[in-house]
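K.L.:
One-letter residues, chain by chain:
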Amino acid sequence: MSEDTDLSTSQSVKCISFDLGEHEFCVDIMAVKEIRGWTKPTPLPHAPPFVCGAINLRGTVLPIIDFAMRMGLPATEPDESYVTIILEVGTQVFGIVVDAVSDIVTLDWGTMQRPPELEMSVDESCLLGIIARDDSMMRVINTNVLFPRQVAAAA
Amino acid sequence: MSSDPLDEIRVVFFQECAELLEELEDGLYAMRDGTETDDTVNAVFRAVHSIKGGAGAFGLDLLVSVSHQFETVLDKVRSDQLDPTPELLDLFMRCADKLQDLVQAAKDERDADPAICDELVAALKQYDQPAGASAPPQPAAAPAADGDVAFTVAPLDLDFGEDDAEPAADADWLVTFTPHVDLYQRGNDCCHLVSILIDMGATNVGVDASQSPVWDDLPAETPFMVWTLTMPSAISEADIREVFEFVDGDCDLKVEQGETPPAADPAADDMGFVPLKLDIEDATDDDVDFVPTKLAIDVDEAPEESTAPEVDPAVKATAEAVAIAPKPESKKKSAPAKQDAKSEASSTIRVDLNRVDRLINLIGELVINQSMLAQGFQSLSTPVSQQLSDGLNDLRQLTRDIQDSVMAIRAQPIKPLFRRMSRIVRETGESTGKNVQLVTEGEATEIDKTIIERLSDPLTHMIRNAVDHGLETPDTRTENGKEELGTVRLTAVHRSGRVVIEVADDGAGINRKKVREIAIEKGLVAADAELTDSEIDNLLFMPGFSTAKEVSNLSGRGVGMDVVKRSIQNLGGRVSLESEPGKRSVFTISLPLTLAVMDGMIVRIDDQLMVVSLSEIIETIRPTSTSIQHLTPSQSVILVRGEYVPIIDVGYELGFRPRVKDTSEAVVLLSETESGDRSALLVDGILDQRQVVIKGLEDNYGDVPGVAAVTILGDGNIALILDVDGLLRLSETSRLSTAA
Amino acid sequence: MPLTILAIDDSSTMRRLVQSTLVQSGYAVEVAEDGVDGLEKLDNVRPDLVITDINMPRLDGFGVIEGVRKHPTFNKIPILTLTTESAAELKQRARTAGASGWIVKPFNKDKLLLAIKRVLG
Numbered sequence: 003m004s005e006d007t008d009l010s011t012s013q014s015v016k017c018i019s020f021d022l023g024e025h026e027f028c029v030d031i032m033a034v035k036e037i038r039g040w041t042k043p044t045p046l047p048h049a050p051p052f053v054c055g056a057i058n059l060r061g062t063v064l065p066i067i068d069f070a071m072r073m074g075l076p077a078t079e080p081d082e083s084y085v086t087i088i089l090e091v092g093t094q095v096f097g098i099v100v101d102a103v104s105d106i107v108t109l110d111w112g113t114m115q116r117p118p119e120l121e122m123s124v125d126e127s128c129l130l131g132i133i134a135r136d137d138s139m140m141r142v143i144n145t146n147v148l149f150p151r152q153v154a155a156a157a
Numbered sequence: 133m134s135s136d137p138l139d140e141i142r143v144v145f146f147q148e149c150a151e152l153l154e155e156l157e158d159g160l161y162a163m164r165d166g167t168e169t170d171d172t173v174n175a176v177f178r179a180v181h182s183i184k185g186g187a188g189a190f191g192l193d194l195l196v197s198v199s200h201q202f203e204t205v206l207d208k209v210r211s212d213q214l215d216p217t218p219e220l221l222d223l224f225m226r227c228a229d230k231l232q233d234l235v236q237a238a239k240d241e242r243d244a245d246p247a248i249c250d251e252l253v254a255a256l257k258q259y260d261q262p263a264g265a266s267a268p269p270q271p272a273a274a275p276a277a278d279g280d281v282a283f284t285v286a287p288l289d290l291d292f293g294e295d296d297a298e299p300a301a302d303a304d305w306l307v308t309f310t311p312h313v314d315l316y317q318r319g320n321d322c323c324h325l326v327s328i329l330i331d332m333g334a335t336n337v338g339v340d341a342s343q344s345p346v347w348d349d350l351p352a353e354t355p356f357m358v359w360t361l362t363m364p365s366a367i368s369e370a371d372i373r374e375v376f377e378f379v380d381g382d383c384d385l386k387v388e389q390g391e392t393p394p395a396a397d398p399a400a401d402d403m404g405f406v407p408l409k410l411d412i413e414d415a416t417d418d419d420v421d422f423v424p425t426k427l428a429i430d431v432d433e434a435p436e437e438s439t440a441p442e443v444d445p446a447v448k449a450t451a452e453a454v455a456i457a458p459k460p461e462s463k464k465k466s467a468p469a470k471q472d473a474k475s476e477a478s479s480t481i482r483v484d485l486n487r488v489d490r491l492i493n494l495i496g497e498l499v500i501n502q503s504m505l506a507q508g509f510q511s512l513s514t515p516v517s518q519q520l521s522d523g524l525n526d527l528r529q530l531t532r533d534i535q536d537s538v539m540a541i542r543a544q545p546i547k548p549l550f551r552r553m554s555r556i557v558r559e560t561g562e563s564t565g566k567n568v569q570l571v572t573e574g575e576a577t578e579i580d581k582t583i584i585e586r587l588s589d590p591l592t593h594m595i596r597n598a599v600d601h602g603l604e605t606p607d608t609r610t611e612n613g614k615e616e617l618g619t620v621r622l623t624a625v626h627r628s629g630r631v632v633i634e635v636a637d638d639g640a641g642i643n644r645k646k647v648r649e650i651a652i653e654k655g656l657v658a659a660d661a662e663l664t665d666s667e668i669d670n671l672l673f674m675p676g677f678s679t680a681k682e683v684s685n686l687s688g689r690g691v692g693m694d695v696v697k698r699s700i701q702n703l704g705g706r707v708s709l710e711s712e713p714g715k716r717s718v719f720t721i722s723l724p725l726t727l728a729v730m731d732g733m734i735v736r737i738d739d740q741l742m743v744v745s746l747s748e749i750i751e752t753i754r755p756t757s758t759s760i761q762h763l764t765p766s767q768s769v770i771l772v773r774g775e776y777v778p779i780i781d782v783g784y785e786l787g788f789r790p791r792v793k794d795t796s797e798a799v800v801l802l803s804e805t806e807s808g809d810r811s812a813l814l815v816d817g818i819l820d821q822r823q824v825v826i827k828g829l830e831d832n833y834g835d836v837p838g839v840a841a842v843t844i845l846g847d848g849n850i851a852l853i854l855d856v857d858g859l860l861r862l863s864e865t866s867r868l869s870t871a872a
Numbered sequence: 046m047p048l049t050i051l052a053i054d055d056s057s058t059m060r061r062l063v064q065s066t067l068v069q070s071g072y073a074v075e076v077a078e079d080g081v082d083g084l085e086k087l088d089n090v091r092p093d094l095v096i097t098d099i100n101m102p103r104l105d106g107f108g109v110i111e112g113v114r115k116h117p118t119f120n121k122i123p124i125l126t127l128t129t130e131s132a133a134e135l136k137q138r139a140r141t142a143g144a145s146g147w148i149v150k151p152f153n154k155d156k157l158l159l160a161i162k163r164v165l166g
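Protein chains in written order, with the working numbering: chain B, 3 to 157; chain U, 133 to 872; chain L, 46 to 166.
Derived from the structure by calculation, the hints contain no laboratory data.
Treat the hints with care, since some could be wrong.
To be verified - Reference listing, derived: stretches of chain L covered by chain U, where coverage requires no fewer than 3 residues with Cβ under 8 Å from a Cβ of chain U:
(1) 53-64
(2) 115-126
As the list claims (entries may be wrong) - Covered stretches of chain L (in silico footprint by chain U; criterion: 3 or more residues with CB under 8 Å from a CB of chain U, positions within the stretch not fixed):
(3) 89-103
(4) 142-153
Just so it is clear, the structure is predicted and the values come from calculations on it, not from any experiment.
Glycine included, C-beta positions come from ideal geometry on N, C-alpha and C.
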């Protein structure tokens with residue numbers, strides 16, 4: 003699947019932002035199906051470590067990803083205070099567990115830069131790029147690669 | 133005409149075509165197998181006939197031309213002028229295939245390739261020739277040419293004289309028309325014909341009632357009127373005669389060119405000659421708008437009620453004689469079975485599949501809800517009353533009954549799928565130059581509609597494979613002392629809550645040496661791997677394996693058996709292969725009856741609830757301290773009636789916990805895999821048996837080894853449905869890796 | 046009162062086609078899916094005209110004609126046969142059985158209405 007996001011054009015995109023430790027992340031609001039409280043997922047055997055398991059969302063079974071772990075950070079120990087962002091990417095629906103959702107922001111896609119080479123500790127392959135905002139840096143998640151379909155089969 | 137009702141009829145037409153094509157195929161098969169009844173050929177004829185009829189209405193010329201020629205030859209078979217030889221039936225089958233293509237093309241609004249049609253029509257025409265003289269067929273294209281096959285005027289039995297000679301330019305036509313009693317017996321009415329002539333421009337209309345007897349003697353049913361009309365010369369004689377087409381033989385009709393039309397004189401005012409002009413003109417006014425109300429023309433009464441003293445006995449006798457039409461009667465009697473089938477069919481309704489699916493989903497939710505409710509009551513601290521617990525039981529039973537009934541709506545016989553395969557066999561046989569027949573068994577086996585649909589691709593692939601790779605060429609077969617005609621056998625049968633489909637060919641079997649070499653060459657197995665015959669055969673299912681040296685354009689297309697296997701697995705099915713070198717290969721597909729629900733046993737493993745399909749469990753065993761034996765740290769067996777069965781520690785294989793050391797609290801589920809091997813699943817406890825709604829993991833996640841699907845439990849949580857075969861494979865892999 | 050026509054054909058496409066065409070032209074149209082069904086409906090529908098297909102399961106068009114002609118009330122109503130078989134022999138058989146006329150498929154609206162006009166006015 004090729005990324006159809008053209009980095010060069012100027013385009014306002016609404017995003018949902020959330021914090022993870024000292025890092026700020028955001029995801030295109032168009033990919034967000036809903037945000038719900040955390041429920042304990044059923045573990046899936048032989049899953050990659052960042053897959054917490056699967057939950058039932060009104061009859062649909064979908065996997066839940068520990069976002070921190072996916073980013074290469076220490077695993078989350080979620081409880082009821084955490085939230086799950088349900089994402090819809092193509093035909094695939096899955097959830098990511100994060101501490102909390104902080105804001106809805108409008109970003110100029112045109113100012114997106116490649117992730118800096120030196121940024122440590124975060125798995126850059128999951129980022130579309132970064133956007134400078136005031137004095138902080140917003141990391142834009144590439145939902146396409148966040149949870150590749152073949153992840154389960156490859157495990 | 134605001135919205136085109138034709139669009140809606142078009143939908144009806146394609147639905148009907150699907151049914152007719154199926155009937156057609158059924159009939160042809162019955163004829164081939166010699167199981168036809170008296171009505172079979174008729175039904176086949178009717179099917180083609182109805183397709184042609186509808187196709188004509190929609191201007192589908194190719195479809196009309198093929199079905200027309202098809203129908204013509206079928207008519208000869210129907211009337212015993214032609215024997216349905218195997219060759220002819222073969223041609224019929226190909227025509228049926230083609231009709232199917234043409235219908236599909238029309239439905240997709242694609243252009244169909246006329247070349248094959250021409251070829252088939254030509255082939256059919258050959259059968260049409262010998263007896264052709266008695267009833268020459270219409271040229272195939274004729275009915276398609278929007279129109280005028282219709283009223284080719286049948287020769288009238290009156291002598292026309294030189295009726296083909298051009299009428300003299302000026303002279304008007306004098307039409308004299310004397311109805312017979314039969315005209316009224318057949319439901320015709322002079323008055324309507326006269327009014328049509330008036331519309332066409334008749335100038336004078338008169339009735340000569342001079343033949344009519346006196347009023348008192350009027351017999352009720354015999355007309356005595358003679359009608360005379362003058363028609364302008366601009367109208368051709370043929371056009372005038374055409375108006376009387378339906379009453380040809382039921383009247384005396386003269387159409388002459390006269391100098392002075394005798395009826396033109398309306399002055400004749402005596403009893404015998406009634407001028408009618410006024411009355412009929414009133415009627416015509418009505419008629420112009422063509423508002424179909426009954427025309428009350430006074431004159432109408434006259435011929436009907438005017439009568440002769442007595443009815444000519446000869447006429448009466450004829451009338452009675454014609455009333456007896458023996459043929460339909462005998463036909464009706466000869467096909468009682470079909471009659472029943474038809475009356476049954478007429479009590480069906482068509483329902484949009486989406487509605488059924490919505491119902492199924494809702495009932496799935498109901499099942500979950502019902503179990504939530506039951507669970508809720510169980511966890512109450514106070515005991516529930518008898519009434520309440522009875523009610524809950526009833527609810528459970530009802531829910532289940534509803535679910536079964538709804539699932540039955542989706543169940544369909546596998547026959548249409550098998551029929552499609554017979555076509556694949558024919559076509560593959562033709563293009564590979566192999567002489568092959570398809571034998572099917574168990575066509576009535578019912579299975580979920582979705583499974584049937586999604587089985588089409590993998591099955592097509594397997595059938596092509598069987599013909600293309602499985603069967604030898606006719607020469608090779610003869611050399612090896614085999615019958616030249618290869619057989620592919622397709623069977624379906626219900627076995628312990630599943631449907632088992634077999635694709636067997638009597639070909640050369642799997643060339644294991646070659647398969648092994650290729651697998652090694654492609655790095656699929658180690659060069660020194662020790663493989664059983666069955667293991668080698670099943671290498672065919674490995675991704676990236678293809679035995680054909682060059683990719684054949686039939687079974688090739690870069691799709692291997694691994695894709696077949698994958699799509700069957702996605703249906704909750706399994707596929708395996710057995711072969712006997714030089715003799716045959718048998719693919720066995722085992723499928724669930726439905727994709728939506730199954731009877732499951734709820735088991736506990738560690739702190740997780742999981743489900744095992746009841747159909748996979750032979751029995752449950754509480755192991756005693758001595759019945760389980762640990763052969764190695766990684767392998768234990770349980771003694772079941774003298775047989776040692778390997779134990780699969782489910783929790784361990786799924787990676788949820790280390791191996792269970794103390795098995796005294798455990799429960800063992802004895803199960804049998806597709807290949808017939810037994811295995812024993814070790815779980816921590818059994819909680820319940822209930823129907824569960826199957827939810828796929830594939831859509832949002834992917835395959836999980838050892839897990840077939842998941843379900844939603846009463847508390848809204850997800851439970852894994854275990855895949856016994858998958859677990860067995862996992863345990864074999866883990867045993868080997870531990871051993872290594 | 047619009048005139049009522051009973052259309053008997055085993056092909057659902059044909060039934061719909063005939064019905065749709067005639068309803069647009071102001072007739073009341075009832076349908077039956079074979080001869081038996083058609084004869085059963087006579088008393089209820091009370092048609093002014095019967096249009097019947099010839100080749101049908103259970104009871105064919107000839108049987109329909111015979112049945113109508115024997116009916117105590119409707120034995121005189123016009124009957125048109127609907128057939129793609131334009132063979133003279135079939136028309137003759139239908140006539141002998143008592144049909145008033147015929148319509149050859151494929152028909153268009155004009156053709157259908159013309160035939161009806163000849164027997165119904």
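K.L.:
Confirm or reject each hint.
P.N.:
Evaluation of the provided hints:
1. 53-64: It holds, with 7 qualifying residues against the three required.
2. 115-126: holds (count 5)
3. 89-103: As far as the stretch 89-103 of chain L goes, the hint holds, because 5 residues have Cβ atoms under 8 Å from chain U.
4. 142-153: This one holds; 12 residues, not fewer than the three required, reach chain U with a Cβ under 8 Å.
Violation of the numbered hints given earlier is absent; every hint is satisfied by the structure.
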